[in-house]
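Q: Residue numbers (UniProt numbering), protein chains in the order written: chain A, 1 to 313; chain B, 1 to 216.
The hints are simulated quantities; they were obtained by calculation from the structure and are not laboratory data.
Just so we're clear, the structure is a prediction, and the values are computed from it rather than from any experiment.
Virtual Cβ for every residue (Gly too), placed ideally from N, Cα, C.
You can trust all of the hints, since none of them are fake.
Dumping the calculated SDA-like pairs for lysine to any residue here, alpha-carbon to alpha-carbon at most 25 Å:
1. A/Lys-305 x B/Gly-202
2. A/Lys-145 x B/Pro-205
3. B/Lys-166 x A/Asp-174
4. A/Lys-150 x B/Gly-116
5. A/Lys-183 x B/Glu-163
6. B/Lys-90 x A/Ala-278
7. B/Lys-90 x A/Ala-120
Examples of chain B residues toward chain A, derived with CB under 7 Å:
8. Lys-90
9. Glu-91
10. Gly-92
11. Asn-93
12. Ala-94
13. Arg-114
14. Val-137
15. Lys-139
16. Phe-152
17. Asn-157
18. Gln-158
19. Ala-162
Residue-level listing of the chains:
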Amino acid sequence: MKLARRLTLAAFAGVLALGTAMPSYAADLIAIITPSHDNPFFKAEAVGAEAKAKELGYETLVLVHDDDANKQSQLIDTAIGRGAKAIILDNAGSEASIAAVQKAKDAKIPSFLIDREINATGVAVSQIVSNNYQGAQLGAEEFVKLMGEKGNYVELLGREADLNAGIRSKGYHDIIDEYPDLKMVAQQSANWSQTEGYSKMETILQANPDIKGVIAGNDTMAMGAIAALQAAGRKDVIVVGFDGSNDVRDSIKAGGIKATVMQPAYAQAQMAVEQADAYIKTGKAPAEEKQLMDCVLINADNADKLETFALKD
Amino acid sequence: MPRFTAAAALCLASATLMVLAGCKIIKTPTAEEAAEAASDGFNPERQATELWTPKVVPYLTSKAGPYAEVAALIASDPDAAAAKYGHKEKEGNAPWTYAANISGTVIKAETTSRAGYLDTDIDGDGKADVRVQIGPVIKGTAIRDSLDFVSFNQFKNQIQWAEFGKAFNADLNSQVLQALPREGLEGKTIEAVGAYPLPAKGQLPLLTPVNVAIGG
Chain A
1 MKLARRLTLA
11 AFAGVLALGT
21 AMPSYAADLI
31 AIITPSHDNP
41 FFKAEAVGAE
51 AKAKELGYET
61 LVLVHDDDAN
71 KQSQLIDTAI
81 GRGAKAIILD
91 NAGSEASIAA
101 VQKAKDAKIP
111 SFLIDREINA
121 TGVAVSQIVS
131 NNYQGAQLGA
141 EEFVKLMGEK
151 GNYVELLGRE
161 ADLNAGIRSK
171 GYHDIIDEYP
181 DLKMVAQQSA
191 NWSQTEGYSK
201 METILQANPD
211 IKGVIAGNDT
221 MAMGAIAALQ
231 AAGRKDVIVV
241 GFDGSNDVRD
251 SIKAGGIKAT
261 VMQPAYAQAQ
271 MAVEQADAYI
281 KTGKAPAEEK
291 QLMDCVLINA
301 DNADKLETFA
311 LKD
Chain B
1 MPRFTAAAAL
11 CLASATLMVL
21 AGCKIIKTPT
31 AEEAAEAASD
41 GFNPERQATE
51 LWTPKVVPYL
61 TSKAGPYAEV
71 AALIASDPDA
81 AAAKYGHKEK
91 EGNAPWTYAA
101 NISGTVIKAE
111 TTSRAGYLDT
121 DIDGDGKADV
131 RVQIGPVIKG
141 TAIRDSLDFV
151 SFNQFKNQIQ
161 WAEFGKAFNA
171 DLNSQVLQAL
181 PREGLEGKTI
191 EAVGAYPLPA
201 KGQLPLLTPV
211 NVAIGG
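All chains, please: the whole structure from these sequences, using the hints.
A: Put into structure tokens, the structure is as follows:
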């Protein structure tokens with residue numbers, strides 16, 4: 001069996017580029033599948049998972065599905081075909097991904113979901129879910145405080161097809177709407193994008209010069225908004241983001257953006273790999289499938305401690 | 001012409017009445033019932049309200065220890081404090097939420113903010129030891145998070161779990177806080193039972209009450 005495996009590996013190595021260094025033993029493979037690494041949040045997940053997997057002696061296969069459920073399905077096939085022992089997945093849709101995760105399960109490959117949940121239990125071994133709703137509430141509470149509980153504000157939404165855009169907006173409004181003196185004068189999607197955040201903010205500002213604050217569904221849109229506001233000489237406008245990126249940390253320290261909410265991307269990816277490792281070695285699943293990861297408010301008080309989606313003690 | 005219209009309308013109305021007389025009247029579902037039917041029977045407000053008096057209040061009242069004892073045990077033996085007074089989800093990174101009762105004096109009442117609170121001195125040194133939320137905006141979900149008979153895993157997703165948590169805050173407002181006086185609270189004695197998540201370093205514990213009594 002071992003010999004056959006080595007031979008297969010040798011053949012495989014031959015088929016691949018000659019320059020590829022193959023390990024001298026056949027380490028187990030963990031597939032890590034996330035949305036595009038263009039967003040530093042997803043990159044931090046992939047880097048965190050990969051680092052932990054290598055530390056535990058696994059080979060890794062890092063793939064991106066670009067939020068395309070069909071592509072995700074093909075990548076799951078790839079992971080199955082490569083004989084992965086586990087799949088770490090930040091999925092491409094809470095309904096559409098159920099079938100993909102079920103397909104892996106049918107092929108006896110356990111899945112460990114991170115960040116986003118699916119609307120089904122008993123299919124993945126764990127779902128380590130970013131508590132976007134709790135994070136949005138933290139961000140909204142800070143926003144309300146900064147606004148002095150009154151004034152006109154703007155909301156920049158994420159891509160409307162993305163579940164998290166809706167969850168965050170709901171979390172914001174469940175808090176903000178309890179304050180009748182806070183008035184939303186514009187609400188537009190900037191599709192998670194910095195350039196769209198900039199252009200939308202420019203237009204909104206022309207129509208509504210009397211705004212006091214902007215709450216954005218993620219940090220890249222917040223970065224776009226603050227740049228547009230600063231270009232228009234409006235340093236008085238309060239901007240709050242979501243994600244906890246290093247860019248926003250630096251803006252907070254420079255007195256630009258006032259606050260954001262950090263999701264522990266790196267930590268939850270590492271946690272998923274640890275649970276996968278335990279499951280591979282002992283067959284033991286975590287006590288509960290669905291596990292909520294709370295977010296942390298970042299403002300001028302603790303921005304110093306933020307580095308790549310983790311807070312230093 | 002108008003007279004004719006009026007007569008026609010009268011005729012039509014009486015005809016309608018005659019038809020209706022033979023009809024059975026079916027109750028139209030309320031907006032809430034319709035929403036519940038549309039979401040597979042999920043009605044967080046009803047679930048929370050049904051739990052409030054028979055389960056939530058007795059559970060926290062019997063589990064709670066005097067705040068000073070709870071805080072001292074957290075400092076000396078966190079595991080013992082968690083086992084005796086605390087609850088949290090088995091997995092994930094949420095902090096422990098502890099059940100505690102307090103008896104002290106209000107030294108500062110914030111009632112201008114909609115997220116109102118009473119800073120309370122318990123040990124008599126004139127400094128605040130606990131901040132008691134009095135709403136109407138309630139921060140966090142400490143009541144839900146303190147209960148050992150509900151879990152995130154019983155819910156479809158984080159939105160439903162969040163709505164369930166928020167529903168307890170609505171019960172708190174309607175059943176406890178609305179009756180609370182808002183004026184002249186500073187200097188009065190206060191007794192309360194509730195839950196608070198482990199506070200961040202240097203911050204006052206934020207107690208979400210399920211019972212509050214203001215004395216003289």
